[in-house]
Amino acid sequence: MTKKFTKDHEWVQVDGDVATVGVTDFAQSQLGDVVFVELPEAGRVLEQGKEAAVVESVKAASDVYAPVSGTVVEANQSLVDDPSMVNSAAETEGWFFKIQLKDTSELDGLMDEAAYKAFVEEAH
Amino acid sequence: MTEAATALKTTPLHALHVELGARMVPFAGYDMPVQYPLGILKEHQHTREKAGLFDVSHMGQVRLTGADPAGALETLVPGDIKGLAQGRMRYTLFLNEQGGILDDLMVTNAGDHLFLVVNAACKDQDVAHLREKLAGKAEVELLDDLALMALQGPMAAEVMARFVPEAATMKFMSYLSATFKGVPVILTRSGYTGEDGYEISCDKSDAEMIARALLGESEVEAIGLGARDSLRLEAGLCLYGHDIDTTTTPVDGALEWTLPKRRRAEGGFPGYDIIHHQLTEGAARRRVGIQPDGRQPAREHTEIQDANGTVIGEITSGGFGPTAGAPVAMGYVDIANSAVGTPLTLVVRGKPLPARVAATPFVPQRYYRG
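For the protein sequence lines, the chains are D and R, in the order given.
Position 97 of the first sequence, counted from 1, bears residue number 97 in the numbering used here, the numbering being contiguous throughout.
For the numbering used here, add 1000 to where a residue sits in the second sequence, where the first one is 1.
Calculated directly from the structure, the hints in this document are not laboratory data.
Where a beta carbon is used, it is the ideal one built from N, C-alpha and C, also for glycine.
Careful, some of the hints might be misleading.
Facing chain R, from chain D, some residues (calculated, C-beta under 10 Å) [stated by the list, open to error]:
hint, residue
1, Val58
2, Ala60
3, Glu122
Derived lysine-lysine pairs resembling DSSO-like cross-links, with alpha carbons at most 30 Å apart [unchecked claim]:
hint, chain 1, residue 1, chain 2, residue 2
4, D, Lys50, R, Lys1351
5, R, Lys1042, D, Lys117
6, D, Lys7, R, Lys1351
7, R, Lys1261, R, Lys1042
Please construct the entire structure, taking both the sequences and the accompanying hints into account.
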């Protein structure tokens, strides 16, 4: 399984042709206490780089973009019920949605863990 | 970032904020702590449950002296300043000739002078306004050698009494000149959270010692501007520049309680004709509390529609209320839709979000009534 990262601080974990998407631990630390998430419903077609979900902290609302194009197969209902999981488990139980990949070559343009780590350190 | 940061002013507690791990942001020209490592949610809850210490040194502290500073100030504000007993304080508003609000402020009768606390973003214009309008009637001094902190929460009184025993019995909205670990302080029993507590005015050079002493008490945590905003919003308190400004009168802003009987009858403050007319005939719109259904917050500038889809106003402050456990907001609606319970539709990211007009405060105020 490969895990990739975007410059917008999403992570995508690929398992076959299905990918699990969430926001990074760095992103949650910047967002602060998350109080609400709006996730895409199953069946929705997402385009890489376009709005996919919304995450609201006490202080602000932020868009979450689709790291890859495809069709949503499942949203994380537990996260809707307990949005604080974004803070406590951003890169594990706090996943946002699973997506059926349209084009696996899109993954090539994303960063691997080492590159993302360097990106965060450089930008901040 | 670095260029902007160098232009920002700092408070006497800046180094302490950094030491405590605060995330600093520009606010009203100052580099201020928006949150500490605890985070906004826990800082908010800690203030409601125990006690929180806020640095509000960016705010303007002003001394007004003269033969009759109260009479002079009454020409600029609609509050009863002449009737303010020594040692007591009151919330009032600087108004323009249209009855619009130039700033909101606290006025304390300190005996030989009036002590004013005004908003950081307005302080320079407030001082210029006072100097221009009260020329020859009162002396205006911006006390920029002072720091200001707030200690807020149900345990604030117990904590403060360890340093200033006589603080325990101070009445809500009163003033005390006292000594804190050997240095002079001015305490007022007031704040901006809906909780019991104090504001502490002291010399800049004593601020860090006082802050460290208070933070050294087990009940006290440092609280940033993020939680200050969610606390005041739950308490139904206005934020100047958002919920009230030069385009809103005290009547529009549901602040009729700042217009006492004598001033309503006598006038003598800017915008009196317009405000008197509104008090008699009613205003076209009104600031109300708004409770969105569900958990999604509606932020400032969110459009408000009535049941028919007609745009009737917008949200002026909105977010998630950690104590309310729900989103909370305030905003302006036309008068026909301003009654508590009226259903509204908020348009959040293009989607309708049901809401209703709600009574404020969203959480009970717990001021000390003695």
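Cross-check of the supplied hints:
1. Interface hint at valine 58 of chain D: satisfied, since its Cβ lies 4 Å from the closest Cβ of chain R, which is below the 10 Å cut-off.
2. The beta carbon of alanine 60 of chain D is positioned within 10 Å of a beta carbon in chain R (closest approach about 8 Å), and the interface hint is therefore held.
3. Contact between glutamate 122 of chain D and chain R, as hinted, is not supported at the beta carbon level, the nearest pair being about 14 Å apart and thus beyond 10 Å.
4. The straight-line distance between the Cα atoms of lysine 50 of chain D and lysine 1351 of chain R is roughly 18 Å, inside the 30 Å bound, and the hint therefore holds.
5. Annotation: proposed proximity of lysine 1042 of chain R to lysine 117 of chain D holds, straight-line Cα distance about 28 Å (limit 30 Å).
6. For the hint pairing lysine 7 of chain D with lysine 1351 of chain R, the CA-to-CA distance comes to about 28 Å; that is within 30 Å, so the pair holds.
7. The suggested pairing of lysine 1261 of chain R with lysine 1042 of chain R is violated, with an alpha-carbon distance near 42 Å, which exceeds 30 Å.
When each numbered hint is compared with the structure, violations occur for hints 3 and 7.
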